[in-house]
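Number of protein chains: 2
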Amino acid sequence: MTKQQLFEQITQKNSYLCVGLDTDIKKIPSHLLKEKDPIFEFNRQIIDATAEFAVAYKPNIAFYEALGAKGWGSLQRTIEYIPKECFTIADAKRGDIGNTSGLYARTFFDKSSSGLDFDSVTVAPYMGSDSVMPFLEFEGKWVILLALTSNTGGDDFQNLQVHNAQSSVHSPQSSGHYSEKSLYEQVILTSQKWADSERMMYVVGATKADKLLKIRELAPEHFLLVPGVGAQGGSLEEVSKYGMNQQCGLLVNSSRAIIYASSNEDFAQIAATEAKKVQQEMEKYLQIYS
Amino acid sequence: MTKQQLFEQITQKNSYLCVGLDTDIKKIPSHLLKEKDPIFEFNRQIIDATAEFAVAYKPNIAFYEALGAKGWGSLQRTIEYIPKECFTIADAKRGDIGNTSGLYARTFFDKSSSGLDFDSVTVAPYMGSDSVMPFLEFEGKWVILLALTSNTGGDDFQNLQVHNAQSSVHSPQSSGHYSEKSLYEQVILTSQKWADSERMMYVVGATKADKLLKIRELAPEHFLLVPGVGAQGGSLEEVSKYGMNQQCGLLVNSSRAIIYASSNEDFAQIAATEAKKVQQEMEKYLQIYS
Numbered sequence: 013m014t015k016q017q018l019f020e021q022i023t024q025k026n027s028y029l030c031v032g033l034d035t036d037i038k039k040i041p042s043h044l045l046k047e048k049d050p051i052f053e054f055n056r057q058i059i060d061a062t063a064e065f066a067v068a069y070k071p072n073i074a075f076y077e078a079l080g081a082k083g084w085g086s087l088q089r090t091i092e093y094i095p096k097e098c099f100t101i102a103d104a105k106r107g108d109i110g111n112t113s114g115l116y117a118r119t120f121f122d123k124s125s126s127g128l129d130f131d132s133v134t135v136a137p138y139m140g141s142d143s144v145m146p147f148l149e150f151e152g153k154w155v156i157l158l159a160l161t162s163n164t165g166g167d168d169f170q171n172l173q174v175h176n177a178q179s180s181v182h183s184p185q186s187s188g189h190y191s192e193k194s195l196y197e198q199v200i201l202t203s204q205k206w207a208d209s210e211r212m213m214y215v216v217g218a219t220k221a222d223k224l225l226k227i228r229e230l231a232p233e234h235f236l237l238v239p240g241v242g243a244q245g246g247s248l249e250e251v252s253k254y255g256m257n258q259q260c261g262l263l264v265n266s267s268r269a270i271i272y273a274s275s276n277e278d279f280a281q282i283a284a285t286e287a288k289k290v291q292q293e294m295e296k297y298l299q300i301y302s
Numbered sequence: 013m014t015k016q017q018l019f020e021q022i023t024q025k026n027s028y029l030c031v032g033l034d035t036d037i038k039k040i041p042s043h044l045l046k047e048k049d050p051i052f053e054f055n056r057q058i059i060d061a062t063a064e065f066a067v068a069y070k071p072n073i074a075f076y077e078a079l080g081a082k083g084w085g086s087l088q089r090t091i092e093y094i095p096k097e098c099f100t101i102a103d104a105k106r107g108d109i110g111n112t113s114g115l116y117a118r119t120f121f122d123k124s125s126s127g128l129d130f131d132s133v134t135v136a137p138y139m140g141s142d143s144v145m146p147f148l149e150f151e152g153k154w155v156i157l158l159a160l161t162s163n164t165g166g167d168d169f170q171n172l173q174v175h176n177a178q179s180s181v182h183s184p185q186s187s188g189h190y191s192e193k194s195l196y197e198q199v200i201l202t203s204q205k206w207a208d209s210e211r212m213m214y215v216v217g218a219t220k221a222d223k224l225l226k227i228r229e230l231a232p233e234h235f236l237l238v239p240g241v242g243a244q245g246g247s248l249e250e251v252s253k254y255g256m257n258q259q260c261g262l263l264v265n266s267s268r269a270i271i272y273a274s275s276n277e278d279f280a281q282i283a284a285t286e287a288k289k290v291q292q293e294m295e296k297y298l299q300i301y302s
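Top to bottom, those sequences are chains A and B.
The first sequence begins at 13 in the working numbering and counts up by one.
The second sequence begins at 13 in the working numbering and counts up by one.
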């Protein structure tokens, strides 16, 4: 899917909602457990109920992988079922040396190899360029690179101040005057040499104005995938106000608050109600901030 | 497996060789393709031929995952087949927010969930403490944290000089005198708050004396998993000389140079010959440097 196609879908649905399919066999309504593939059946009903309000779906790969081969079967059926106009994200946080990342790319992008055909995959930046480039070799597919995450451990490394060794204590600019950046900012800057906003997005767990403004300065054109709004307490309005660009530039994910809004037989219907609420809020922000 | 048990096996086999099971359906001898599960059949014969010389096996998860559900089946059969005295490493480079990392931990450690029961998993540090801790909740299981990788992209971020924002340009210590570290050194330092050398190892792609010495200063007691010796040109002697500690403290991986040493029907026999060569060199270094 191209950036333009994604934007058109956003415009058409008046939504930039991504529904996170963190589907846990322990959390789905018990009446589904009699189905042959309860995980897929849950996803199928959630997708049917929410596709009108969502532009993207994001299966969290860990939930499927934890069930071994069977889980990969459910994942495959799910990704085949998602309507083609919706953007699909394999939330996998992969990243390895070049030839291994090439195999991870095959996993998520090459249907003939793995049975999966996602539009995008989330990638961890720690191993650098050659851990990311193989995903970009698949035409029309996207990398969503981890930049700033909102978990408690995100602070451990992502907010460290960094600079190149070349401009370190031995250079004349070193006495506190060289340009300092956070690691996550450096990740955004460096990775822009690898792909532009037509092929790369960033995971940005920020809901604070100052960080969103800074990120928009560094990456004005890129789509940002924002997790953690809703259940985890981030404000959708703040994210929209400070994160939106002229082509929306946001995919805001909600998982639990939608898919587990009810644990009864009406789960899909309630999920639709919750997704619609978010969509209506988004429609308002698209008018104000875009 | 405990650190002591691993060390005992090293002493018994006079080896710290880890055989990387980067098993590629496109590279295995063609006569195996008639088998029901060619990937597992290849691994089975490699394991039979090399278990005498190797203390650890490291399936590279990407190779299995790229084949979808079928690949997970081959992986499951492989891990079940590896002799119990050998240390097993899921080279998966996972890492996500707490509850998701918990599911990745289940994937590799909880046989009742996924069918897999590895001793350890490689984890990416970018998302910090809560992305790593869930793996440590499984008693007796290990985290092998990415510190310094030897791929070309490793330089992009791992060697950046870092310091905490608190000691930045606004503090009196900021005029070039605060203690500077590379990101990978900071990863080693910070992560020692999460687990000690009984539960954590580091991936260290270094073969240069200066870096190995520095890492040993930061983590004298930890095992280091060193990939890329052999085919990728690192020197086993350098690694052993500068990386070994009193309990060996090294697992040195070799994948292609052993498993693909021959592409004919004699592949397992030739793999044994190559593994034995490495083991004999290791035996020598254990005497000299340990």
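Treat the hints as calculated values from the structure; they're not laboratory data.
Please note that the accuracy of each hint is not assured.
Just so you know, same-sequence chains aren't split out, so a pair can sit in one copy or run between any two.
[Unchecked claim] Mimicking DSS-like on lysine-lysine, the simulated pairs with C-alpha atoms at most 25 Å apart in a straight line are:
1. K38 with K153
2. K15 with K39
3. K288 with K25
4. K123 with K39
5. K253 with K288
6. K123 with K46
7. K48 with K223
8. K223 with K205
9. K123 with K220
Quick rundown of the hints versus the structure:
Proximity of K38 to K153 under the C-alpha cut-off of 25 Å is restricted to the inter-copy arrangement: shortest distance 24 Å between copies versus 32 Å within a copy. Taking the closest pair of Cα atoms, K15 and K39 never come within 25 Å of each other, the shortest separation being 34 Å inside a single copy and 37 Å across copies. Only within a single protomer do K288 and K25 lie at most 25 Å apart by alpha-carbon distance; the minimum there is 11 Å, versus 63 Å between protomers. Within a single copy, K123 and K39 get their C-alpha atoms only as close as 29 Å, which misses the 25 Å cut-off; across copies the closest is 20 Å, which meets it.
In this assembly of identical chains, K253 and K288 lie within 25 Å of each other by CA distance solely inside one copy; the values are 20 Å within and 63 Å between copies. In this assembly of identical chains, the alpha carbons of K123 and K46 lie at most 25 Å apart only when taken from different copies (23 Å versus 29 Å within one copy). For a Cα distance limit of 25 Å, the shortest separation of K48 from K223 qualifies neither inside one copy, at 46 Å, nor across copies, at 54 Å. When the C-alpha separation of K223 and K205 is checked against a cutoff of 25 Å, the pair qualifies only within one copy, where the shortest distance is 22 Å, while the shortest distance between copies is 28 Å.
Proximity of K123 and K220 under a CA criterion of 25 Å is satisfied in neither setting, with 39 Å inside one chain copy and 41 Å between copies.
This entry does not satisfy hints 2, 7 and 9, going by the numbered hints stated previously.
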